[in-house]
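Trainee: Single-letter residue listing:
There are 2 protein chains.
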Amino acid sequence: EESAQVLYDFSAEPGNNELTVKEGETVTITNQSIGGGWIEAQNSRGEVGLVPEDYIEVPSFPGAGTTAPTPSFGNVAPPDLSIFDAYAPPAAPAQNQASNGNDPWSVWNADPSGGTNNNWASNPEGTQTGKSAADPWGSISQGHPQAYQGPGAEDDEWDDEWDDMKSTGGYAESESGESGAMQRGGAHASSMKISLNKFPGFSKSGPELYLLCKQLPKGKEKLPIYLGEVGPVWSYPESQLDCVVADPKKGSKMYGLKSYIEYQITPNTTNRPVNHRYKHFDWLYERLLDKFGSAIPIPSLPDKQVTGRFEEEFIKMRMERLQGWMTRMCRHPVVSGSEVFQIFLTYKDEKDWKTGKRKAEKDETVGVMIFSTIEPEAPDLDPVEVEQKCEQFSKFTKAMDDGVKEILTVGQEHWKRCTGPLPKEYQRIGKAFQNLSSVFTSSGYQGESTLTDAMTAAGKTYEEIAQMVAEQPKKDLHFLMETNNEYKGLLGCFPDTIGVHKAAIDKVKEADKLVATSKITPQDKGTMAKRVSTMSYTLQAEMNHFHSNRIYDYNRVMQLYLEEQVKFYETIAEKLRQAHSQFTTM
Amino acid sequence: EESAQVLYDFSAEPGNNELTVKEGETVTITNQSIGGGWIEAQNSRGEVGLVPEDYIEVPSFPGAGTTAPTPSFGNVAPPDLSIFDAYAPPAAPAQNQASNGNDPWSVWNADPSGGTNNNWASNPEGTQTGKSAADPWGSISQGHPQAYQGPGAEDDEWDDEWDDMKSTGGYAESESGESGAMQRGGAHASSMKISLNKFPGFSKSGPELYLLCKQLPKGKEKLPIYLGEVGPVWSYPESQLDCVVADPKKGSKMYGLKSYIEYQITPNTTNRPVNHRYKHFDWLYERLLDKFGSAIPIPSLPDKQVTGRFEEEFIKMRMERLQGWMTRMCRHPVVSGSEVFQIFLTYKDEKDWKTGKRKAEKDETVGVMIFSTIEPEAPDLDPVEVEQKCEQFSKFTKAMDDGVKEILTVGQEHWKRCTGPLPKEYQRIGKAFQNLSSVFTSSGYQGESTLTDAMTAAGKTYEEIAQMVAEQPKKDLHFLMETNNEYKGLLGCFPDTIGVHKAAIDKVKEADKLVATSKITPQDKGTMAKRVSTMSYTLQAEMNHFHSNRIYDYNRVMQLYLEEQVKFYETIAEKLRQAHSQFTTM
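Protein sequences, first through last, are from chains E and W.
Take 1 as the starting number for the first sequence in UniProt numbering and just add one per residue.
Take 1 as the starting number for the second sequence in UniProt numbering and just add one per residue.
Treat the hints as calculated values from the structure; they're not laboratory data.
This structure is a prediction, so every number in the text was calculated from the model and none was measured.
It is possible that some hints are incorrect.
Computed list of lysine-lysine pairs in DSBU-like fashion (alpha-carbon distance at most 35 Å, straight line) [said to hold, decoys possible]:
#1 E:Lys-357 x E:Lys-250
#2 E:Lys-416 x W:Lys-416
#3 W:Lys-250 x W:Lys-416
#4 W:Lys-567 x E:Lys-460
#5 W:Lys-357 x E:Lys-424
#6 W:Lys-509 x E:Lys-416
Just chain E, with the same shape it has in the complex:
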C-alpha cells in the first residue's frame, strides 16, 4: 500500500465498484494488480473503489511513460516536408527526417506484435482529441477517457461500455456541442484521428506525403474509379454486402467486477455469425479511419450517442446504432471490400481473428497514402475544375449539416412536447370529461346514462389518445432522428476529408513558386497535378456515393415517418369516430 496523488477528477459510475476522486486528492493504493487499466484505491473517508490508473500518479507504476513507439521507416523514401513552410512545424524536422529503416509507413503504426500497447489507447491525449473532434457528442458526454491499457493488459479486456451509460439523451447534446463547428473552422488537422498524431512532432496530416512521394508503394490494392452517369463513381460489387447485428449477450470479466456485451454479427455473404464486443467495433473503426479517413468519411461509432436510462434500453439503442453503422459500412464499396472489414465479419476462430487483427494493424496503406491505390479510369482533371468541385462539396456538406441540425433541433423539441405536455393535456381533457360524466351520474335524473356512458367513453378515448401521442415519437420521429443523427455524424467527417483535399489544392497552387525556387522539379509539379486529380476523382466518387445513399435514405425515412404519422392520425380519427357514435340527440 502506498499513497498516490489524483491527477484528474473522476466520477464513479454507480454500481460499478468505482471511486469518485478529485484532482489533487491523496488516495491510498489498496490493489495495484487489478489490471485492465484500473487500480483499487481508498480515499481519506475510507471508501474503497476502482480508479483508472492514468488518473493517479503512481510513482512505480510499470509501463507508464514507456509507450512511445520507436519510429521505423519502410521502403519508401520520405519526402522533405520542410519545403512547405506553412505546414512544417518549426522545431520538428529531426523527427520528420529521422530514418530508422526504409519504410515510412511503419511509423504510423507501432508494432502491435510487440504487445506493448493497443495503439489507439496508448495515447490518452490522442484518444481524447479523437473523441471531441470526430464525435461531436464526445466533448459533452461525461464519460472519462478510456483508461490506459497497460502492457500486461490482455487483448480482450473489459471495455467501458457501461461508462457510456452516463450520457443522457442523444439529440439534446447535439446542439450544445460545437466541436463540429470548431472542426470546420480549420482545426481539422489536429482533430484527424489518423495515426499521424502518434508520431511526436508530426502533427499535420497534410497531403504532402502523397503528393510528393517519390515512388508510390506498389501494393496489390487497387481502387478503380469509373465515369458513370452521374460522374466519377466507385466500383460497386454486384451484390451488396449486408449484415445483421443482433443477440446482445452479457459476459463478465475480472471475477464479475466488470461486465461487457457481446453482439452477434451475421453477414449475408457467409450467413455465419461472428461475435464482437463494442471494443472490437471500435478497433475496426480505428482501422477504417486510419486507412480511409483521408478519402472517405468514416462516421464515428455510436459510442457516446446513447439514450436510455436503463441497461436494456441502452443495449438496444447501442445495438441499433451499431447496426446502422455496420449497414453504412457494408454499403460502401471500398470499405466493405477492404480486408480489415472482411476479417471483422468473417473470421473463423479466435486465432484467425488475432492473425487478421495483426495483419490489419500492420497495414501501411493508411492516411493520405490511400490515394496511391486509387486508379481513376478517366483523363486527368484541370486544377480549376478540381477546386470548383471541392468548393461545391464543401458548401453542400456545410449547408446539409445545418439543415440536418435544424431537423434534429426541431425534432428534439417536438419529441419533448409529444412525450411531455401534450399527452398530459389530452389526459386532463379525458379526465375532465370523465369527471363531469360522473357528476352527471349523480344527478338522479332518469335517462342520464344515455349521456354519461358516452361521455365516459369519450373521456377514456382522450386518455388513450394521450398515450398514443406519448408513444408515437418512438414509432416515427425516432427513425427520422436516428437517420439525421447518423447523417450529422457522417457530415462531421467531411470537413476533414475536404480539408485534406483543400490542402492538396493549395500545394499544387504553390507548385510554380516551388519550381521557381528549385524546391521541386517541373516533373514533381506534373506529378502533383496528376495526384490532386486522383484525389478529386476520389472526392467526387465519394460525393456521388454519398448523394445516392442520401437520396435513398431520406426517401426511406420520410416514407417511414409519414406512414406512421398517417397511421397515427387515422387511428385517432377512428377512435374519435367510435366515441362520437355513442352520443345521441333525438
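Chain E is fixed; fit chain W onto it per the hints.
Mentor: Just chain W now, with coordinates in the frame of chain E:
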C-alpha cells in the same frame, strides 16, 4: 366651468373620446351637458375627454342623490318581517313598515313613467354588485360600471357596448374570478339582483314575504307544475319558441361621439324581426331576474364575457352569445311564456314597445312572490323530502360547477397550446423539411428531384397542418367552451335560487317555535309548510328542466366537438397520405 374631485379610477377606452382619471384627482368640468351619463372634463395636463358623471363629485349636478324611490305599497298587506330576528335589520323597521299606499310591490320598482331613471342604472352600487356576483367575469373585466343615466337621458340612449371590448379572453378569467364561490358561501342575499336592494334598509331577499303573506295576490298568471315521468315538471308548450339573433347594424348617437349596435331578433312564432340594442337585452334580463330570479336561474347576459380584440370579432362574439342566451330563454317554458319576454320578441312598433316596457316595469309579481303564481298539481310534500331534494340539487350544482370549470380550465390551456406553440412547432418541422430539401436541390446530383419535390411537398403539408391546428379550436373547442361557459353562468345562479329555498326551509323549521311564542298562528305554520312545498315543486321542476336541457346540450356539444375532431384528424391523415405517396424507394 368648475373644479371637481374624481371619486374612482376610470380608464379611458382608446378612440372613444374618453379621459383616464385617477381617484382623488381634480379635474375641470368643461361640459356638463353632454348627456348620456357623461361629462366632459379636463385634467391638469390639459387633456380633455369624457368621464362618467358618477365618477366625479359634481356639487351641483342635477338629479344626483335624488333618485331614492318613494315607497308605495299596493293592495297586499306586508308581513311583519321583524318576527324573524335573524333577518330583520336592527334599525330598519320604519322603512319596512312605511306605507305609502296599498301596493307593497311598487317599492321594488320606482315608477319608470316618471322618467327620472332607468331603474337598473339608477343605483351604481347595485349594478356593480349585480355584475360581480351574477357574472363571475364581471369582477375581473376592466369595464367601469354603467354610468349614471341622468333625468334628461332619453330612453334609447347609447350604451357602453364598446367599453366591454376592454375585456380580453373569455375563459382565462373564469379561474381567477372567485366571485362565484363567494356567492355560494352564503352571501347570496346581497348578490341577488332582485329589486330588494333598491329599497333602503331592506337588504335581505328572504322568502318570508311569500311564506307569511296573509293574502296572496290574485293575478291571472298561473304556472302549473305537473308530475311527469321524471317527477315535477313545468308545463311545456306544444311547439317550442325559438328565435334568431342576426344582422348587427351599427348606429351612432350624440353627433357620432358614441356608437351602438342594433341586432335583429326574429322569433319563429311571428317570423317578423324586431330590433334591439344590447341595453334592451339588459333591460329584459333585469325584468326576468326581478320576476323569476327566486325560482329560475336567469343567466347573466354575455356582457363582460367577450373575447376578440377587433370590433367585428367582438360584435360577432356578442351576437353569438346573445343568441345562446335568447335560445336558452326561449327554451324555458316559464320565461318564454311570460308577457315581458313576448313583448321583447314581438312588439309591433316603438309605441307598442314603450307601452310594453312600462307595463313590464310595473309588474308586481316579482321576487319571491313568483311562487304565488305556481300551482303544483300534486299533493303537498313532506318538509323532510323538501330538504333532501334541496340538498341533492345543491350538491349536484356545486359538483357540476366544479366539473364545468375544470373543462374550461383544461380547454383554455389546450386552446392556448393549439393556437400557440403547437402550430409553431409544426411550422418549424415543415420549414426544416423544406430547408433540407432546398439544400438537396443544390447538390447538382442527377435525379435529385425525385427526393426534393416530395420533401418540399411534405414540408408544405406540415405547414398546412400547422395552420389547421391553429384554426381548429375555433371549429370545435369553441363550442365546447361556449357551452360550458354558458353552463358556468347558469350554475352561478343556482346558489341564489337554492339559497332562497334553504332560507324558506329554515323558516319552516322555526315555525313551531314561532307558534309557541305566538308570533304566528298554527294556521300560519300550515300555510308556510304548504308554500315551501310549492317552492320545492318549483325547484324540482326547474332542476328537471335543467337536467333535460343539460343532457341535450352536452350530447349535442360532444357530438359537435367529436365530429369536428374526427374531421380534423382525418384531414391531417389524408394530407399526410398524399405527402407520403410522393416518396419513392425503388
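Trainee: Look at each hint and say if it fits the structure.
Mentor: Consistency of the hints with the structure:
no., hint, result
1, E:Lys-357 x E:Lys-250, "holds, 23 Å"
2, E:Lys-416 x W:Lys-416, "holds, 18 Å"
3, W:Lys-250 x W:Lys-416, "holds, 32 Å"
4, W:Lys-567 x E:Lys-460, "holds, 19 Å"
5, W:Lys-357 x E:Lys-424, "violated, 53 Å"
6, W:Lys-509 x E:Lys-416, "violated, 61 Å"
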